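Those protein sequences? They're chains Y and Z, same order as listed. Residues 25 to 65 in the working numbering are what the first sequence spells out, letter by letter. Residues 8 to 513 in the working numbering are what the second sequence spells out, letter by letter.
Please keep in mind that the hints were generated in silico from the structure rather than gathered at the bench. This one's a predicted model, so the numbers in the text were calculated from it and none came from an experiment. Glycine included, C-beta positions come from ideal geometry on N, C-alpha and C. Some hints here could point you the wrong way.
[Unchecked claim] Just the calculated beta-carbon pair ranges, DEER-fashion: (1) Y/Gly49 <-> Z/Pro253: 14 to 24 Å; (2) Y/Arg56 <-> Z/Thr430: 17 to 27 Å; (3) Y/Lys60 <-> Z/Ile151: 52 to 62 Å; (4) Y/Arg56 <-> Z/Val373: 40 to 50 Å; (5) Y/Val39 <-> Z/His9: 36 to 46 Å; (6) Y/Thr63 <-> Z/Val488: 52 to 62 Å; (7) Y/Val38 <-> Z/Gly302: 21 to 31 Å; (8) Y/Gly42 <-> Z/Ala195: 18 to 28 Å; (9) Z/Glu131 <-> Y/Arg59: 51 to 61 Å.
[As the list claims (entries may be wrong)] Okay, the calculated bits of chain Y under chain Z, using three or more residues with CB under 8 Å as the criterion: (10) 25 to 33; (11) 36 to 42; (12) 46 to 53.
[Unchecked claim] If you want the ones that stay clear, here's a sample from chain Y, every Cβ over 12 Å from chain Z, calculated: (13) Lys60; (14) Thr63; (15) Asp64.
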Amino acid sequence: MEGSSVVMMVIGMVVIWGGLVASVGYAIRTGRQARKADTDR
Amino acid sequence: MHREEWGSRWGFILAAVGSAIGLGNIWRFPYIAFDNGGGAFFLPYLFALLTAGLPLLILEYTLGHRLRGSAPLTLRRLSKKTEWIGWWQVGIGFIISSYYAVVLAWAAAYTYYSVGTQWGDNPEQFFLGSFLQAPDTPGDVNTIVPAVLIPLILIWVVTLVIGVRGVKRGIETATKVMIPLLVVTFGALVLRAVTLPGATAGLDSLFRPDFGALTDGAVWTAAYGQIFFSLSIAFAIMITYSSYLPRSSDLTNNALIAGFANSSFELLAGIGVFAAIGFMASSQGVAVDEVAQQGVLLAFVAFPQIINTFPALNSLFGVLFFGSLVLAGLSSLISIVEVYVSALRDKFGLERTTAVLVGGGACALVSVLYATDGGLFLLDTADSFINNFGIVLAGLAEVVAVAWFLRRLGVLQRHANRVSDVTIGWGWRISLAVITPLVLGYMTFDNFRTTITQGYEDYPTGLLLIAGWGAALVALIFGIVVSLRRWDPEVLDFDTHTLDREEVHT
Numbered sequence: 025m026e027g028s029s030v031v032m033m034v035i036g037m038v039v040i041w042g043g044l045v046a047s048v049g050y051a052i053r054t055g056r057q058a059r060k061a062d063t064d065r
Numbered sequence: 008m009h010r011e012e013w014g015s016r017w018g019f020i021l022a023a024v025g026s027a028i029g030l031g032n033i034w035r036f037p038y039i040a041f042d043n044g045g046g047a048f049f050l051p052y053l054f055a056l057l058t059a060g061l062p063l064l065i066l067e068y069t070l071g072h073r074l075r076g077s078a079p080l081t082l083r084r085l086s087k088k089t090e091w092i093g094w095w096q097v098g099i100g101f102i103i104s105s106y107y108a109v110v111l112a113w114a115a116a117y118t119y120y121s122v123g124t125q126w127g128d129n130p131e132q133f134f135l136g137s138f139l140q141a142p143d144t145p146g147d148v149n150t151i152v153p154a155v156l157i158p159l160i161l162i163w164v165v166t167l168v169i170g171v172r173g174v175k176r177g178i179e180t181a182t183k184v185m186i187p188l189l190v191v192t193f194g195a196l197v198l199r200a201v202t203l204p205g206a207t208a209g210l211d212s213l214f215r216p217d218f219g220a221l222t223d224g225a226v227w228t229a230a231y232g233q234i235f236f237s238l239s240i241a242f243a244i245m246i247t248y249s250s251y252l253p254r255s256s257d258l259t260n261n262a263l264i265a266g267f268a269n270s271s272f273e274l275l276a277g278i279g280v281f282a283a284i285g286f287m288a289s290s291q292g293v294a295v296d297e298v299a300q301q302g303v304l305l306a307f308v309a310f311p312q313i314i315n316t317f318p319a320l321n322s323l324f325g326v327l328f329f330g331s332l333v334l335a336g337l338s339s340l341i342s343i344v345e346v347y348v349s350a351l352r353d354k355f356g357l358e359r360t361t362a363v364l365v366g367g368g369a370c371a372l373v374s375v376l377y378a379t380d381g382g383l384f385l386l387d388t389a390d391s392f393i394n395n396f397g398i399v400l401a402g403l404a405e406v407v408a409v410a411w412f413l414r415r416l417g418v419l420q421r422h423a424n425r426v427s428d429v430t431i432g433w434g435w436r437i438s439l440a441v442i443t444p445l446v447l448g449y450m451t452f453d454n455f456r457t458t459i460t461q462g463y464e465d466y467p468t469g470l471l472l473i474a475g476w477g478a479a480l481v482a483l484i485f486g487i488v489v490s491l492r493r494w495d496p497e498v499l500d501f502d503t504h505t506l507d508r509e510e511v512h513t
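Given these sequences and hints, build the entire structure.
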């Protein structure tokens, strides 16, 4: 594979799969915080 | 009537992701990316995701969640003048599901044919001749094809049983099984594909950037089209699904997850498909662009050829590929059927089972049309016209009505921000009020211009008039006619659903 193809593949993976991981991670974190707030109340 | 609800946040997300991930992710995206700048295509693709896909997804989640109804009821609660758009989208969903089920029937049949690679040494002849019995002249319809009809009945039975079981016990449970299974089966296929000889040549063709393509408007239109058709937006699914969310549910981050999950699967599919195409090109000693295909021919002709050439376990990889198509398509089909089941229940006060049997049963009967020897041409025509003159136009009508005629973006934005973890701002409103209508408007103009001047695939005018323009027009007329029928006053008399009143149950 050419270098430019590898770079574009890596960028695509980082942005798209990274976006998924970040949004799922954020949902898990906020879900935990909400549950903790409910328990503390 | 008490509205059903999802059992959990992840149940809703998996159902939404299952709806978005469909056949187009596997057989459309890879070729569109390859044909529109390769690696450079990711720039317009991401731009389209951020400025049209995600904003529209958030809009539909917010509409359904705030107004808590099927698309017609949600749009009726928004304004008396917009109900017809909801029914138009229901009509579009009905037509799409009638032929989509048939493609799933093909995939189910091919899952069986994979055992022993029963398509033989000439997959094209097997698909068009032995299997579909397609006539030489598009538009000819002579007989029902039992090899398609039998798996079609099976697909409809599974779909309607899931529908009858309801939102939580049916759709949610099914997608909780289907989506992880899809990721595992397709993931296994991709892992094998990228280790085949010649795979890197295929990946090189897919990702090699042609930045000069970015100055071509058609590339940007292709990116918006891919995002638009891929995310299940503008044909009422996401409004319906989000209407089943509990009151205190996140909307914006759920949209981000669903949008990125859909794109993630598309990227995975691109890698798997082009690695396999690179392998086929390498084994035939030809360039990748000579064998690169999309759509029906990629799935049912090119992939059987590729599977024939696999060094080992041919049957297993055939089952994995066509099984993945069935899983991806089935989770989308059940979401489309839910659109008209939900609408029938809201408008006519039907029980779920009755609505599923009436709506789904009628659609199953219509789908037999596509299980005939002329079904391939009927299906291809209906798909092109209902996409270009149904979904795109209905999406344009929806966004223009909400953003410009009713001017409701502000109040919807406040609702989304009140319940969500990630807040949206002026960028969301600009995307929906300016960028999305401009892009959809241009796509509509271009679709009309191209189809009127060039026709479609050299098909006869009679076929285009009936299966193409006719199907698109029937959906619109259906929308207008059904919206004239009065609602049960109790359904509409729900003042907590008045949009301008601040939500009390946060």
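Quick rundown of the hints versus the structure:
1. Y/Gly49 <-> Z/Pro253: 14 to 24 Å: With Cβ atoms ~22 Å apart, the hint holds.
2. Y/Arg56 <-> Z/Thr430: 17 to 27 Å: holds, 20 Å
3. Y/Lys60 <-> Z/Ile151: 52 to 62 Å: The hint (52 to 62 Å, Cβ to Cβ) holds, given that lysine 60 of chain Y and isoleucine 151 of chain Z are roughly 60 Å apart.
4. Y/Arg56 <-> Z/Val373: 40 to 50 Å: The hint (40 to 50 Å, Cβ to Cβ) holds, given that arginine 56 of chain Y and valine 373 of chain Z are roughly 47 Å apart.
5. Y/Val39 <-> Z/His9: 36 to 46 Å: holds, 42 Å
6. Y/Thr63 <-> Z/Val488: 52 to 62 Å: holds, 53 Å
7. Y/Val38 <-> Z/Gly302: 21 to 31 Å: The hinted range 21 to 31 Å holds for valine 38 of chain Y and glycine 302 of chain Z, with Cβ atoms some 29 Å apart.
8. Y/Gly42 <-> Z/Ala195: 18 to 28 Å: holds, 23 Å
9. Z/Glu131 <-> Y/Arg59: 51 to 61 Å: With Cβ atoms ~56 Å apart, the hint holds.
10. 25 to 33: holds (count 8)
11. 36 to 42: holds (count 5)
12. 46 to 53: The restraint on the region 46 to 53 of chain Y holds, since 4 of its residues have a Cβ under 8 Å from chain Z and three suffice.
13. Lys60: holds, 15 Å
14. Thr63: Label holds. Min Cβ-Cβ 16 Å, cutoff 12 Å.
15. Asp64: holds, 17 Å
Every hint, counting from the list given before, is met by this structure.
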